[in-house]
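Visitor: Chain residues, written in single-letter form:
2 protein chains.
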Amino acid sequence: MKSIITPSYAVHFNETAYDALNTHLAAANYSKVFILVDENTHEYCLAPFMAQIQGEYVFEIIEIESGEINKNIHTCTQVWEVLSELDADRKSVLINLGGGVVTDLGGFVASSYKRGIDFINVPTTLLAMVDASVGGKTGVDLGSLKNQIGFISQPKMVLVVPDFLGTLGERQLTSGFAEMLKHGLIKDRNYWNQLKSVRSFDELDAYILDSIIIKNEVVQQDPTEQSLRKILNFGHTLGHAIESHFLESKEHELLLHGEAIAAGMVLEAWLSYRLTGLLAEELEDIKATFVERYGKVSFPAQDIDAILTLLKFDKKNSHGNINFVLLQNIGEAQIDVQVPDDLLREAFAYYSE
Amino acid sequence: MKSIITPSYAVHFNETAYDALNTHLAAANYSKVFILVDENTHEYCLAPFMAQIQGEYVFEIIEIESGEINKNIHTCTQVWEVLSELDADRKSVLINLGGGVVTDLGGFVASSYKRGIDFINVPTTLLAMVDASVGGKTGVDLGSLKNQIGFISQPKMVLVVPDFLGTLGERQLTSGFAEMLKHGLIKDRNYWNQLKSVRSFDELDAYILDSIIIKNEVVQQDPTEQSLRKILNFGHTLGHAIESHFLESKEHELLLHGEAIAAGMVLEAWLSYRLTGLLAEELEDIKATFVERYGKVSFPAQDIDAILTLLKFDKKNSHGNINFVLLQNIGEAQIDVQVPDDLLREAFAYYSE
Numbered sequence: 041m042k043s044i045i046t047p048s049y050a051v052h053f054n055e056t057a058y059d060a061l062n063t064h065l066a067a068a069n070y071s072k073v074f075i076l077v078d079e080n081t082h083e084y085c086l087a088p089f090m091a092q093i094q095g096e097y098v099f100e101i102i103e104i105e106s107g108e109i110n111k112n113i114h115t116c117t118q119v120w121e122v123l124s125e126l127d128a129d130r131k132s133v134l135i136n137l138g139g140g141v142v143t144d145l146g147g148f149v150a151s152s153y154k155r156g157i158d159f160i161n162v163p164t165t166l167l168a169m170v171d172a173s174v175g176g177k178t179g180v181d182l183g184s185l186k187n188q189i190g191f192i193s194q195p196k197m198v199l200v201v202p203d204f205l206g207t208l209g210e211r212q213l214t215s216g217f218a219e220m221l222k223h224g225l226i227k228d229r230n231y232w233n234q235l236k237s238v239r240s241f242d243e244l245d246a247y248i249l250d251s252i253i254i255k256n257e258v259v260q261q262d263p264t265e266q267s268l269r270k271i272l273n274f275g276h277t278l279g280h281a282i283e284s285h286f287l288e289s290k291e292h293e294l295l296l297h298g299e300a301i302a303a304g305m306v307l308e309a310w311l312s313y314r315l316t317g318l319l320a321e322e323l324e325d326i327k328a329t330f331v332e333r334y335g336k337v338s339f340p341a342q343d344i345d346a347i348l349t350l351l352k353f354d355k356k357n358s359h360g361n362i363n364f365v366l367l368q369n370i371g372e373a374q375i376d377v378q379v380p381d382d383l384l385r386e387a388f389a390y391y392s393e
Numbered sequence: 041m042k043s044i045i046t047p048s049y050a051v052h053f054n055e056t057a058y059d060a061l062n063t064h065l066a067a068a069n070y071s072k073v074f075i076l077v078d079e080n081t082h083e084y085c086l087a088p089f090m091a092q093i094q095g096e097y098v099f100e101i102i103e104i105e106s107g108e109i110n111k112n113i114h115t116c117t118q119v120w121e122v123l124s125e126l127d128a129d130r131k132s133v134l135i136n137l138g139g140g141v142v143t144d145l146g147g148f149v150a151s152s153y154k155r156g157i158d159f160i161n162v163p164t165t166l167l168a169m170v171d172a173s174v175g176g177k178t179g180v181d182l183g184s185l186k187n188q189i190g191f192i193s194q195p196k197m198v199l200v201v202p203d204f205l206g207t208l209g210e211r212q213l214t215s216g217f218a219e220m221l222k223h224g225l226i227k228d229r230n231y232w233n234q235l236k237s238v239r240s241f242d243e244l245d246a247y248i249l250d251s252i253i254i255k256n257e258v259v260q261q262d263p264t265e266q267s268l269r270k271i272l273n274f275g276h277t278l279g280h281a282i283e284s285h286f287l288e289s290k291e292h293e294l295l296l297h298g299e300a301i302a303a304g305m306v307l308e309a310w311l312s313y314r315l316t317g318l319l320a321e322e323l324e325d326i327k328a329t330f331v332e333r334y335g336k337v338s339f340p341a342q343d344i345d346a347i348l349t350l351l352k353f354d355k356k357n358s359h360g361n362i363n364f365v366l367l368q369n370i371g372e373a374q375i376d377v378q379v380p381d382d383l384l385r386e387a388f389a390y391y392s393e
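Here the protein sequences line up with chains A and B, keeping their order. All residue numbers for the first sequence refer to our numbering, where the first residue is 41 and numbers rise by one. All residue numbers for the second sequence refer to our numbering, where the first residue is 41 and numbers rise by one.
Any given hint could turn out to be false.
To be verified - Derived lysine-lysine pairs resembling DSS-like cross-links, with alpha carbons at most 25 Å apart:
| id | chain 1 | residue 1 | chain 2 | residue 2 |
| --- | --- | --- | --- | --- |
| 1 | B | K131 | A | K352 |
| 2 | A | K131 | B | K270 |
| 3 | B | K270 | A | K72 |
| 4 | A | K327 | A | K236 |
| 5 | B | K352 | A | K72 |
Hints were generated in silico from the structure; no laboratory data involved.
Work out the full structure: start from the sequences and follow the hints.
Guide: Okay, structure coming up:
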């Protein structure tokens with residue numbers, strides 16, 4: 041496969057990935073190479089990754105606990121302290137080997153350690169490959185508020201190696217697939233139709249590449265999310281609130297990110313049908329596709345109240361208004377749509393019926 | 041006086057400062073105006089500052105505890121949580137009204153809140169006016185390691201109002217004056233000679249402007265500290281280690297930043313005499329000038345050991361070597377000079393004799 045080269049960093053795929061990494065490490069003359077993992081990528085991904093590195097470098101492995109619940113400033117402080125104890129200096133590099141928690145948190149830690157050291161992202165989950173791998177968003181949660189702390193900082197390079205997907209279960213792959221479906225909905229109707237027919241996750245390579253190309257095109261045109269980039273938030277305004285609510289509530293089973301935004305996309309598709317011209321048959325297509333793959337989350341009335349309360353804290357809100365990204369049709373999104381409060385409850389009613 | 045306009049931000053002096061702020065606030069349409077203070081600037085600076093603001097805005101005051109000991113991630117987390125509770129959104133602005141702790145920490149908090157909101161620095165100490173006011177360094181300490189966490193992020197504008205110096209004691213003014221003397225040593229012999237003859241801090245305005253111009257010229261040529269900007273670290277390699285040691289040691293009285301780097305500059309002037317051609321009479325001039333204004337810090341042998349241990353953690357070190365900025369003569373600095381270990385102890389011997 042191929043590489044996507046942008047002005048600030050490069051995304052390398054599959055067999056070209058390790059070549060690019062080895063060439064970079066040989067040229068960069070890093071004082072030390074730190075690798076950030078969680079207990080899962082430590083066990084399943086680190087050995088195959090290390091086996092591909094040629095040359096002699098000083099490596100240090102830093103392990104954090106997996107899970108969104110650990111994506112916080114406390115974990116950052118622990119990693120900063122370990123870096124400091126292990127003499128990381130400005131010429132050190134941090135390789136983030138893991139899912140979105142590791143790449144988001146590791147990117148933030150690296151960019152703010154001694155005013156910024158190089159970092160390289162090696163996403164090991166489907167979600168991280170198609171979403172966190174490009175765009176440079178780094179950060180951690182503040183309490184139950186997702187990605188409240190962080191900033192835009194580009195990795196030196198991103199290595200996308202689909203082999204790592206073999207370490208994941210079906211549920212995690214399905215979660216990541218939701219972001220790919222989103223890329224179809226906001227930007228490419230053909231891609232959406234192709235993905236709908238995917239029946240096995242064994243042959244995802246080409247589709248992953250398409251997803252990254254779509255995301256990369258959007259991000260390059262609007263790196264700091266002034267306008268166009270906001271379309272990537274489709275499904276995320278309600279999806280994040282749902283995810284946060286399930287994260288902080290002790291009664292609920294944990295909802296994976298993709299599962300939360302799958303529900304968010306159905307809800308926001310309904311808003312699109314009411315407000316921005318999405319056709320009834322497109323709405324039904326979207327609902328049927330997501331319900332078939334993700335089932336339905338149950339939302340009792342008190343959960344809906346809590347979710348709508350969390351909404352106002354979403355980081356995309358400005359001046360107290362809640363701005364949504366909605367669809368004009370499948371493949372075309374519209375940003376900055378304000379939605380009346382009462383419509384939000386109707387959306388949940390449609391989702392549940 | 042006048043303003044310094046750079047590509048990314050502007051520094052406004054004295055009477056032009058409030059005009060610039062009022063014009064900016066009227067145009068920017070912020071959702072809320074947050075003002076970060078410590079208990080001292082809350083008491084002495086906030087009222088006169090607010091009195092100069094024209095127009096109706098929603099203000100929220102956030103107070104942190106003063107002192108380097110509170111310049112840490114824990115304080116950041118508290119400020120992030122207050123911002124979140126008070127519904128700060130991406131269109132909010134944070135005005136940092138205080139000394140270097142408030143402007144460094146506030147800049148870091150703002151730049152990483154929801155991936156970055158605007159911030160404005162209003163330095164109220166001499167040190168912050170001539171040092172922290174330009175250059176965009178933000179950050180906090182990690183344990184006793186100064187500025188270990190942070191990054192370069194530019195404020196929207198910097199307002200330098202020397203009136204605030206009336207709220208400071210002689211000791212704090214003298215501390216800030218050390219950074220001005222440094223600007224003379226590294227870049228401008230005439231300025232050094234002028235400052236030596238300053239006998240009263242009542243008429244510092246013109247000198248403050250000169251200092252900011254010198255620092256700004258350096259920073260504009262090398263914003264990310266690849267080479268030239270390093271000259272601003274003269275006196276700081278040993279100075280920071282001394283400051284950190286006194287901060288974490290319970291037996292010592294607290295040393296102000298300028299007091300620590302005054303000692304650091306004498307020590308590094310001696311290294312310059314031995315390694316980079318500083319003349320003996322220049323060395324004596326530097327030592328006499330600093331000892332007259334700052335006295336001598338007492339360094340028992342065990343303190344020197346501890347300080348040299350801290351040195352290797354200084355964030356400017358790379359690959360385990362300790363790079364110094366030294367003087368070729370008064371007004372001209374040389375970067376990346378490696379100093380043999382044994383010379384460091386000799387420098388302390390010279391300082392104490």
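Visitor: Please list, smallest to largest, the hint numbers that this structure does not respect.
Guide: none
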